[in-house]
Amino acid sequence: MKILVVTEQRQGKWNNTSFETLVAAQQIAAATAGTITAAVVGKNVTTLAEELAAKNVAEVLAVENELLQNYTPDGYCIALKQIVESTKPDLVLFPHTYQVRDFAPKLAAMLGRGMVGDCVGFRREGEKLIFVRQMFQGKTAADVSFVGATPWFASFQSGAFRADMLEAHASGKAPVNTAKVELKAEDIRTKPLELFKEAKASVDLTQAPLIVAIGRGIKAPENIAQAEAVAKALGGEIAASRPICDEGWLPMERQIGSSGQTVAPKLYLALGISGAIQHVVGMKGSRTIVAVNKDQNAPIFEIADYGIVGDIFEIMPALTEELQKAKS
Amino acid sequence: MNIIVCIKQVPAKDAPLSIAGNWIKESDIGFEMNEPDSYALEEALRLKEKNGGEVIVLSLGPERVKQTIKEALAKGADRAIHIADENFAQLDPLGSAKVLAAAIGKEKCDLVLTGLQSDDHGFGQTGVLLAGLLNLPHATIIMQIEVQDGKMKLKRELEAGWFQWIECPLPAVLSIQSGINKVRYATLKGIMAAKKKEIATITRESLGVAAEPTQTIEKIYVPTKTKKTEFLTGTPKEAAAKLVEKLKFEARVI
Amino acid sequence: MAIQREQLDADVLIVGAGPAGLSCALHLANLIKKHNTSGAKPELSAENIYVLEKGREIGAHQLSGAIMNPKALAELVPDFEKSAPLDTLVTDSAALLFTQKSSFRFPVTPPPFNNAGNFVISLNKLVKWLGGLVEAAGVNVFKEFGGAELIFAENGIAGVITEDKGVDKNGKPKDNYTPGYKLRAKVTVLAEGPRGSLTKQLVENQKLDNINPQTYGIGIKELWDVQPGKIKPGFVAHTLGWPLSTKMYGGGWIYGLSNNRVSIGLVVALEYADPRFDPHAAFQIWKTHPFVRNLLEGGKLVRYGAKSLPYGGWYSMPRNYVDGGLIVGDSGSFLDSQRLKGVHLAMKSGMLAAETIFEALKAGDTSARTLKLYQEKIDRSYIREELWKVRNFHQSFHNGLLDGFVLSGLQQISGGRGLIDPMHAHPGYEAYQQIYGRPAPERFKGDGKLTFDRLTDVYHSGTRHEEDQPCHLKVLDLNICSTRCVEEYGNPCQYFCPAAVYEMAKEGTGLKLKINAANCVHCKTCDIADPYQIINWTVPEGGGGPNYEGM
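Residue numbers (my numbering), protein chains in the order written: chain F, 1 to 328; chain L, 329 to 582; chain P, 583 to 1133.
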């Protein structure tokens, strides 16, 4: 299969999930005896393109245009349509980012094709390529296959593939070509203004790839700081089961469970959580579940991939230290 | 402003799911308005309160979706269009967007609002596809809408705490971020008035939209845990070290 | 600061869309339709009938075994057999005596347990269907609205105030704050089910209690899908004995529905001596009996729920009419506790109320003088006929099963009179004996496959509430919980609540009551069974509560 990967950058900085998508592409290419073209879109993107060229891809395309300097859905759709038409890939892959959600389905539709978005994996079944995505907020998985002619469009969920598994180019460097696209200013209907950062009024746990959650085992609000230290060392968000939020020790938006958020992160670390069904339904779609509880019969262990039967007040500081070591 | 809000009826959040092939058994479960769409509806009602005009609810599905439509009318929408389709759970995103676009095309509207994604399929594509099919500008994950002089200034959410303002002309299609407003309650008067509001029922066939799918859901299933729990033993320090190693090299999540 | 409330006026306001409330609404709508068609004056409108339902949809809070006598339904909807969702006719009625290891079927099923001619139903489904008929008749049914307070008139009621919505857990208004409505009505019908919160207010305010107070039992139910062949549809069994002691009044039920679905449950009178008796645990243990275990082997729990039921009988039924008000259904204790039948009596009471209201609206007089017709109609109907015969039944069991069988046997052959008539009764909570320092029993955990802990069961009740709202369970004096109750009764709320709402948590050197209001399944057991009667169940924000789909 000929695969086109559309990477994402903003103001010269990568959205790192782009590399995860390249890993997906490499695996699909390996399974289908395929080739990969990696595209980077914007203005003055040659440095970024060179970076991609060091990876194991057949070609890098720098899609350059003044009007692509700032992302607009119109700009990207019109430009990438031309790229797809000229490169004629079988499969077009994207990382499933907020930006991709904003334009990729439309791009596919402009070419009369559909998009399978937010996939968590793929597999071959005979001649068929099956894309796996979640439905019912992670309660079920769905096997989706494309119908009709290529190109097919798909995006992969953050964390579905590991960016550090990206293979380097076998013999040094892939060719970098500049792709010229036709864009007219009047075709771009929305005008992007300034980007700014804001202390978010609320946290969206459903977007957090790493979550550290505490339960009754934390016993008192003063102890939450220890869990927050683990979260910080991990680079994740703090969350809690219902009783913690009921007490007001953490805000309600941090609650995971049937009456809170439903999450399916890469990693869910449950500290002192028993695993009552009300909580479990909110997180059992997580890819890797780790549970620490002093009760070896706690139901949480039934769904955990890794378990430690122990005192969370001894495990938390030890874990924080080990995570900090691993990071450095 | 005439605003069309696309609202989907989905299985109730806590309904026990009984899988049947590539969908679920619909008997013995409750249905409700897709929660993300309720924020879009609330936003539409607020825009109408500020700018005047009409809010029209558009929903696709079998007869039962009329219940959700009535809830939207009770909250203040003016009228509704129900596209009757028994089989709509089988439509792919482009298929349902085409149907909705055909119905929208028959109305004069300034704004089309959708929720971010549905709690059942979760495709998250409807708003963007509608924009493409209707040839209208669009923006997604919108947190705030300001209308002035026939144009909009929109606040869009990005990852990692970033936001952006965008200028967007009217008419347009917007998908609204969840949780941006406190959804209002239907009032008693609203519930009574809803009984008299128009729900125009049209069939999918009557819109003359071809429904070739671009993708099929082969099957859905509960993802089974293939491994047993691996217990990590030793002193807290040892167990923690083992865990970090597993997370790094085996599970590969850090 | 007075809250500005929007006011609406109705001819009739019915609080509760259960079998009683909906039968009242439908029958009245039918009477009005006939009346208007005939050209009679004054012209009335079904649209001036408002029904309030606190659940998210009609039927959401409906729970019962249930075996229904179809006689009332046949009067209300003559062609019911064509359209009513009745699951199956009873094909076999068994009475079983359980011992710990075995079961014994009575060779002749005692008449109260003989259900030939009755239907096994899902009350939730029946009520949903009835609700459809009521709405089609033009009646306004407002879902997600509860009756929070009564609007009192001098000798009766003038309407109801609905609950405030959009209040945060600290009592502060949120962005979408919507104060409750002042709904004034010529006649307000309280159809709230057992231990209705407004009914409780009315009975107290207007001194409506009968010679016996209303007394209750708790019913705990699970709906299971079982392996094919385990049970025949229409097979119904009532069990006595294990695991309940002979001093306790109650028993289990097993009702076979179609499609390999089975309704099982345990009812226990809320008048037992041990304040730390756990009805939910007793039900789970009952399931481990070989008969039930075998039935459920390889099956799957579908749904869970609990509700109180009014056991008191004829002498405990409060006066059910006041100026501008009527009480119907379980709120008025219209239940035959011997046969465990209340659905048809609820429906009939609703219909008789409708006829009474119809006359009152025509006459333009909705005072007690006219509404008294309701009680007269009840006295002339099969409601009295059935309930009079068992008027002393429940009271007979006050001293245990043996006494109960003897006394009720005597009542059976004397038209209900028995040895003493009327037999008096005391409120159930007066039966508690103090714990005198006895250590607390270990809590039941469940094996997760056949038996479950309360939290797991509550999850299967589909219960949800708006999280950020004031606690709807008002405890009048929390001090008592931490001091007297700890000593005297060991905090029974932790044990009798089937939804694990109440917990005593350590605070410093003592215990403090913690209320997990969001788990509440609206059964009213706490309001009934707390020894100091300081728990007041009030209606939470509408839409919250269980989701008894199929129950």
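None of these hints come from the bench; they were simulated from the model.
Note that the coordinates shown come from a computational prediction; the quantities given were computed from them, not determined experimentally.
Every residue gets a Cβ at the ideal spot worked out from N, C-alpha and C, and that includes glycine.
There may be inaccurate statements among the hints.
[What the hints assert, rightly or not] Ranges between beta-carbon positions, derived for each pair: (1) Y549/L <-> K1027/P: 54 to 60 Å; (2) A584/P <-> D477/L: 30 to 36 Å; (3) K1094/P <-> M165/F: 49 to 55 Å.
[Unchecked claim] Below, simulated SDA-like cross-link-like pairs (lysine to any residue); rule was C-alpha separation at most 25 Å, straight line: (4) K341/L <-> D204/F; (5) K1096/P <-> T1038/P; (6) K768/P <-> S949/P; (7) K13/F <-> L183/F; (8) K81/F <-> P497/L; (9) K570/L <-> E228/F; (10) K523/L <-> G349/L; (11) K653/P <-> T681/P; (12) K481/L <-> L183/F; (13) K436/L <-> L345/L; (14) K341/L <-> N509/L; (15) K1096/P <-> G248/F; (16) K483/L <-> T206/F; (17) K547/L <-> P151/F; (18) K616/P <-> M520/L; (19) K341/L <-> G714/P; (20) K1096/P <-> E247/F; (21) K341/L <-> M471/L; (22) K81/F <-> A53/F; (23) K764/P <-> R512/L; (24) K756/P <-> A53/F; (25) K483/L <-> E186/F; (26) K1088/P <-> K81/F; (27) K812/P <-> L345/L; (28) K378/L <-> L498/L; (29) K398/L <-> K547/L; (30) K954/P <-> A592/P; (31) K751/P <-> E253/F; (32) K1088/P <-> E314/F; (33) K88/F <-> T35/F; (34) K197/F <-> S534/L; (35) K751/P <-> K88/F; (36) K517/L <-> R392/L; (37) K479/L <-> Q69/F; (38) K789/P <-> Y1011/P.
Subject >> Hinted pair K341/L and M471/L, Cα distance within 25 Å >> reply: 24 Å, holds
Subject >> Hint consistency between K523/L and G349/L [alpha-carbon to alpha-carbon, up to 25 Å] >> reply: 37 Å, violated
Original post:
Within 25 Å, alpha carbon to alpha carbon, are K570/L and E228/F?
Top reply: Since the Cα atoms of K570/L and E228/F sit roughly 21 Å apart, the hinted pair holds (cutoff 25 Å).
Original post:
Between Y549/L and K1027/P, does the beta-carbon spacing fit 54 to 60 Å?
Top reply: 30 Å, violated
Original post:
Would the pair K341/L and N509/L pass a check requiring their Cα atoms to be no farther apart than 25 Å?
Top reply: Holds, at about 20 Å.
Original post:
Are the Cα atoms of K1088/P and E314/F separated by 25 Å or less?
Top reply: 23 Å, holds
Subject >> Pairwise hint evaluation, Y1011/P against K789/P, where the allowed Cα distance is 25 Å at most >> reply: 20 Å, holds
Subject >> K653/P paired with T681/P [C-alpha distance capped at 25 Å] >> reply: 36 Å, violated
Original post:
For the pair K1094/P and M165/F, does the Cβ-Cβ distance stay inside 49 to 55 Å?
Top reply: 52 Å, holds
Subject >> K436/L paired with L345/L [C-alpha distance capped at 25 Å] >> reply: Measuring from Cα to Cα gives roughly 39 Å; hence the hint is violated.
Original post:
Is the Cα-Cα distance between K768/P and S949/P 25 Å or less?
Top reply: Since the Cα atoms of K768/P and S949/P sit roughly 9 Å apart, the hinted pair holds (cutoff 25 Å).
**OP:** Starting from K197/F, check that the Cα of S534/L is at most 25 Å away, please.
**Re:** Given that 25 Å is the threshold and the Cα spacing comes to 48 Å, the pair is violated.
In the structure shown, a violation is registered for the earlier hints numbered 1, 2, 10, 11, 13, 24, 26, 29, 34, 35, in ascending order.
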